[in-house]
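Generate coordinates for the entire structure from the input sequences, incorporating the hints supplied.
Sequences listed follow chains A and B, in order. For the first sequence, the working numbering gives the first residue as 1, with consecutive numbering after it. For the second sequence, the working numbering gives the first residue as 1, with consecutive numbering after it.
Careful: at least some of the hints might be erroneous.
[Said to hold, decoys possible] Pairs of lysine-lysine, DSBU-like flavour, derived with a Cα cap of 30 Å: (1) A:K187 x B:K160; (2) A:K321 x B:K160; (3) A:K348 x B:K160; (4) A:K318 x B:K136; (5) A:K318 x B:K74; (6) A:K321 x A:K187; (7) A:K354 x A:K368.
[Claimed, not checked] Here are the in silico distance ranges between beta carbons for each label pair: (8) A:D306 x B:A83: 30 to 40 Å; (9) B:A125 x A:Q309: 40 to 50 Å; (10) B:D131 x A:G73: 52 to 62 Å; (11) A:R111 x B:G9: 46 to 56 Å; (12) A:K76 x B:F122: 30 to 40 Å; (13) B:Q87 x A:G193: 41 to 51 Å; (14) A:K76 x B:Y103: 16 to 26 Å; (15) B:A83 x A:K318: 29 to 39 Å; (16) B:Y69 x A:K368: 49 to 59 Å; (17) A:E162 x B:E126: 25 to 35 Å; (18) A:P210 x B:Y69: 48 to 58 Å; (19) A:P271 x B:Y103: 43 to 53 Å; (20) A:D253 x B:P40: 40 to 50 Å.
Rather than coming from a laboratory, the hints here were simulated on the basis of the structure. By construction, the Cβ of each residue, glycine as well, lies at the ideal position given by its N, Cα and C atoms.
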Amino acid sequence: MQDMTADSLREVTVGTGAGLAPGAGDGQQLGADMVLNIGPQHPSTHGVLRLKLVLDGERVVSCEPIVGYMHRGAEKLFEVRDYRQIIVLANRHDWLSAFSNELGVVLAVERLMGLEVPERAVWLRTALAELNRVLNHLMFLGSYPLEIGAITPVFYAFRERETLQAVMEEVSGGRMHYMFNRVGGLKEEVPAGWTRRARAAIDEVRRRLPNLDNLIRRNEIFLARTVGVGVLSAEDAAAYGASGPVARASGLDFDLRRDEPYLAYGELDVPVVTRTAGDCHSRFEVLLDQVYVSLDLASACLDRVDRIQGPVNVRLPKVVKAPEGHTYAWTENPLGVNGYYLVSRGEKTPWRMKLRTASYANVQALTKLIPGCLVPDLIAILGSMFFVVGDIDK
Amino acid sequence: MNANGVPGGGLAKGLAITLRTMTRRSHTQQYPDVSPELPPRSRGVIALLEENCTVCMLCARECPDWCIYIDSHKETAAVPGAARPRQRNVLDRFAIDFSLCMYCGICVEVCPFDALYWTPEFEYAEYDIRDLLHEKDRLGEWMATVPPPPAHDPNGEPAKEEAAARKAAGPVAS
Numbered sequence: 001m002q003d004m005t006a007d008s009l010r011e012v013t014v015g016t017g018a019g020l021a022p023g024a025g026d027g028q029q030l031g032a033d034m035v036l037n038i039g040p041q042h043p044s045t046h047g048v049l050r051l052k053l054v055l056d057g058e059r060v061v062s063c064e065p066i067v068g069y070m071h072r073g074a075e076k077l078f079e080v081r082d083y084r085q086i087i088v089l090a091n092r093h094d095w096l097s098a099f100s101n102e103l104g105v106v107l108a109v110e111r112l113m114g115l116e117v118p119e120r121a122v123w124l125r126t127a128l129a130e131l132n133r134v135l136n137h138l139m140f141l142g143s144y145p146l147e148i149g150a151i152t153p154v155f156y157a158f159r160e161r162e163t164l165q166a167v168m169e170e171v172s173g174g175r176m177h178y179m180f181n182r183v184g185g186l187k188e189e190v191p192a193g194w195t196r197r198a199r200a201a202i203d204e205v206r207r208r209l210p211n212l213d214n215l216i217r218r219n220e221i222f223l224a225r226t227v228g229v230g231v232l233s234a235e236d237a238a239a240y241g242a243s244g245p246v247a248r249a250s251g252l253d254f255d256l257r258r259d260e261p262y263l264a265y266g267e268l269d270v271p272v273v274t275r276t277a278g279d280c281h282s283r284f285e286v287l288l289d290q291v292y293v294s295l296d297l298a299s300a301c302l303d304r305v306d307r308i309q310g311p312v313n314v315r316l317p318k319v320v321k322a323p324e325g326h327t328y329a330w331t332e333n334p335l336g337v338n339g340y341y342l343v344s345r346g347e348k349t350p351w352r353m354k355l356r357t358a359s360y361a362n363v364q365a366l367t368k369l370i371p372g373c374l375v376p377d378l379i380a381i382l383g384s385m386f387f388v389v390g391d392i393d394k
Numbered sequence: 001m002n003a004n005g006v007p008g009g010g011l012a013k014g015l016a017i018t019l020r021t022m023t024r025r026s027h028t029q030q031y032p033d034v035s036p037e038l039p040p041r042s043r044g045v046i047a048l049l050e051e052n053c054t055v056c057m058l059c060a061r062e063c064p065d066w067c068i069y070i071d072s073h074k075e076t077a078a079v080p081g082a083a084r085p086r087q088r089n090v091l092d093r094f095a096i097d098f099s100l101c102m103y104c105g106i107c108v109e110v111c112p113f114d115a116l117y118w119t120p121e122f123e124y125a126e127y128d129i130r131d132l133l134h135e136k137d138r139l140g141e142w143m144a145t146v147p148p149p150p151a152h153d154p155n156g157e158p159a160k161e162e163a164a165a166r167k168a169a170g171p172v173a174s
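Below you can see the structure in the form of structure tokens.
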């Protein structure tokens, strides 16, 4: 006992909160600056994201996003679930883009198994993925103005969401966690007349969307809060691995639907919405314009679905096993690039399934984006990064 | 701000939308008075058709978070004409803990004897989370609310129920 020096007994805080220990590295918080914790229980972070800010008066000197408060060990759970059960878990990390999350899993497994998915299923999946994208974007188009004080748009956004959710619920039975993908296709055929009703819902939303657009896009107060605030350069977006609407608003012209087509996107003409300003307002605009694009894509897919006959899934044995090997399937999720790295040893569960989520990469850019801004702008910037905390913490 | 042309133009545009919406009917659904119309596939609650259950335990094993509890015992019944008495499983307990259930529908999908069904029924909220564990009599009551499955799109394959019924009806004289 005696030869244990005081040094070896020194208590070191590790993990979350490590940055608060004096002498832990940045050397800033020894009383000189104010350290402000935003979250983990703060309404503007919509979830349990915690930001550790060092302030100099009203100005933010440094920002460190501390993640992990909602870590549910999704990757570890994947290792003890079969491929159908993985779909259940996978559609939950980003609860606003459940369909796209399921899609990545089944695409990875199908590629390992060398499965050919029926054409009808491919086009239906594309249509549903685009509808899911619209649902996700409408959520943020409603909640972002709400966060910075505009209460009205959320009601318009939710009216449109409800219209589309009815369509999704009719086909899959779920309003958020659709659970409609299966390895080899879809769970079951769509109900008779569904494509017609889906198209009607899309037209309805397209017709009413200008309401939401006119309400907020060029509202002077909204512009004052967002234009020129939180500018992310294309270089920084690329350096932090940001993707999706956040990166495209900075002029990073990258969209997997066009650049590495999966599903039926290769046969579709996907217009990629980009902006160059990289501020909060252009991020919002990218989201808004993508809704129009996705509605058009979804109805184009439904037109094709009506012309294709055949099954929507492949008959598979009761126990689905992916052969030994590894693959990486990435998809353009509503919030950015979502990837699954699947390593299989030929068992009915994956040996390892690594999850690359869009929000996780996108919030890292906050370290660069927030320093230099004022505390009142913080909410505007945070909201405009369009993340889901479940998607960050997995 | 000069992007709008006139100062305050963006605000005026928004107010015009609000004014127009004010003259329209509201979208509010009068829920407790008017019940919502839910599609037949809607995953509200799982109903159990006890007679069909053979205690094969597939649902309990396939459930991603093991929220199905099944107890059973074996009974021997002498069958007239058979050389030996037959053994069969008798279901003692079938319970689903809806506080754990993730509403994925795998149990309904794997059931080989069609003992489990989805129903759009959703009004079973409780004040205590422990009261969400529902036993087989409660699950059986929900069978009355199970809607018939929707017909499939004519471009796709017919539903398995339809195919089975056609097979049972025998070959069609043409």
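Each hint, compared with the structure:
This hinted pair checks out: K187 of chain A and K160 of chain B have alpha carbons roughly 12 Å apart, not beyond 30 Å. Taking the CA atoms of K321 of chain A and K160 of chain B, the gap is about 24 Å. The hint holds against a cut of 30 Å. Distance restraint check for K348 of chain A and K160 of chain B: the Cα-Cα separation of roughly 26 Å lies within the 30 Å cut-off, and the hinted pair is therefore satisfied. At most 30 Å may separate the alpha-carbon atoms for a hinted pair to count; K318 of chain A and K136 of chain B meet this at roughly 27 Å.
For the suggested pair K318 of chain A and K74 of chain B, the alpha carbons sit about 27 Å apart, so the restraint of at most 30 Å is met. Taken as a hint, the K321 of chain A and K187 of chain A pair is honoured in the structure, with Cα atoms around 18 Å apart against an allowance of 30 Å. At most 30 Å may separate the alpha-carbon atoms for a hinted pair to count; K354 of chain A and K368 of chain A meet this at roughly 26 Å. Taken as a hint, the range 30 to 40 Å is violated for the pair D306 of chain A and A83 of chain B, whose Cβ atoms sit roughly 59 Å apart.
For the pair A125 of chain B and Q309 of chain A, the beta carbons lie near 43 Å from each other, so the given range of 40 to 50 Å is met. The given range of 52 to 62 Å is broken by D131 of chain B and G73 of chain A, whose C-beta atoms sit roughly 29 Å from each other. The given range of 46 to 56 Å is respected by R111 of chain A and G9 of chain B, whose C-beta atoms sit roughly 52 Å from each other. One distance hint, 30 to 40 Å for the beta-carbon pair K76 of chain A and F122 of chain B, holds here, with the actual separation near 32 Å.
Distance hint check: the CB atoms of Q87 of chain B and G193 of chain A are about 48 Å apart, consistent with the given range 41 to 51 Å. Between K76 of chain A and Y103 of chain B, the C-beta spacing of about 22 Å keeps the proposed range 16 to 26 Å intact. The beta-carbon spacing between A83 of chain B and K318 of chain A, approximately 33 Å, falls within the hinted interval of 29 to 39 Å. At roughly 51 Å, the beta-carbon separation of Y69 of chain B and K368 of chain A lies within the given 49 to 59 Å, and the hint holds.
Taken as a hint, the range 25 to 35 Å holds for the pair E162 of chain A and E126 of chain B, whose Cβ atoms sit roughly 26 Å apart. Judged by the Cβ atoms, the range 48 to 58 Å given for P210 of chain A and Y69 of chain B holds: they are separated by roughly 53 Å. Distance hint check for P271 of chain A and Y103 of chain B: the Cβ-Cβ separation is about 36 Å, which falls outside the suggested range of 43 to 53 Å. Between D253 of chain A and P40 of chain B the CB atoms are about 44 Å apart, so this pair conforms to the stated range of 40 to 50 Å.
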